[in-house]
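Whole structure, please, built from the sequences with the hints as guidance.
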Amino acid sequence: MLLAGVLGLLMGLVMGLTGAGGGILGVPALVLGLGLSMTQAAPVSLLAVGAAAAVGAIDGLRHGLVRYRAALLIALLGALFSPVGVFLAHQLPEAVLMGLFSALMVLVAWRMLQREKNLPGPSDHGTASWAQKNCMLDQQTGRFAWTAKCSATLAALGAVTGAVSGLLGVGGGFLIVPAFKQLTDVQMRGIVATSLMVISLLSLIGVAGAFHAGVRIEPLGWVFIGASVVGMLAGRRLCSVIPARALQVGFASLCGVVAAGMLFNALR
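Note that the sequence shown covers residues 1 to 268 in the UniProt record's numbering.
To be clear, the hints were calculated from the coordinates, so they are not data collected in a lab. These numbers come from a predicted model, not from an experiment. Hints may be right or wrong, so weigh each one.
Ranges between beta-carbon positions, derived for each pair [to be verified]:
| hint | residue 1 | residue 2 | range |
| --- | --- | --- | --- |
| 1 | LEU233 | VAL257 | 23 to 29 Å |
| 2 | ALA234 | LYS149 | 34 to 40 Å |
| 3 | ASP138 | VAL249 | 41 to 47 Å |
| 4 | ALA260 | ALA148 | 37 to 43 Å |
| 5 | ARG237 | ARG268 | 21 to 27 Å |
Cβ atoms here follow ideal geometry from the backbone N, Cα and C, with glycine treated the same way.
Listed below in structure tokens is the structure:
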């Protein structure tokens with residue numbers, strides 16, 4: 001129980017600091033730390049991620065940082081494609097799922113290290129010129145300019161995120177945060193807040209589907225879930241005082257270490 005609490009706290013803390021990393025660290029924590037199988041860990045991780053992300057998203061909404069229209073579009077497409085991932089997860093062997101998870105973590109770590117440095121500024125606007133990114137903020141209104149290219153980009157991101165979420169039991173933040181940084185000119189605080197809203201919606205939809213299918217969570221899982229919410233609250237308070245680049249490098253390094261552990265576990 002104590003180990004479950006500590007691991008849940010750490011997962012929530014990372015999620016609050018980066019807007020990602022919840023599921024991608026929660027599943028390995030449950031598998032490697034608590035001895036659950038991938039199929040047992042997925043619903044626990046999703047509920048922990050969803051509950052913690054909801055807390056962070058509400059905080060982001062209060063501060064006007066969430067791009068809620070974009071979040072709703074991504075979550076809608078994610079919900080439609082999540083069952084595809086769930087179906088595939090039940091067709092693949094455990095070792096294959098762990099191998100896929102490890103490969104994704106390595107990719108995420110690389111993408112995090114490749115990110116541009118956060119550009120300083122009093123607002124949530126980026127400084128990229130028009131047409132450099134698929135989705136751009138209108139500098140007058142501060143909202144996305146909803147072009148066909150922007151809508152298609154966010155819809156595709158939602159579809160991929162939903163499929164991966166269903167397949168591996170992750171919230172999708174590890175895909176959303178790097179993708180938003182690459183494809184939009186939203187600054188890091190807005191990316192984190194928007195990512196948390198998408199994660200909360202996708203995760204809670206996934207959990208509802210799991211409960212409908214008869215999945216039950218043991219007391220150990222509830223301890224992990226409660227601790228993750230506490231960690232999220234702490235992470236949201238700390239994210240304003242830790243440099244964004246330090247968070248990126250630290251998260252990427254952690255992903256690399258955990259990926260190695262998951263791969264070793266899959267090959268045993």
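Outcome of the hint check:
| no. | hint | in the structure |
| --- | --- | --- |
| 1 | LEU233 to VAL257: 23 to 29 Å | holds (25 Å) |
| 2 | ALA234 to LYS149: 34 to 40 Å | holds (38 Å) |
| 3 | ASP138 to VAL249: 41 to 47 Å | violated (32 Å) |
| 4 | ALA260 to ALA148: 37 to 43 Å | holds (42 Å) |
| 5 | ARG237 to ARG268: 21 to 27 Å | violated (39 Å) |
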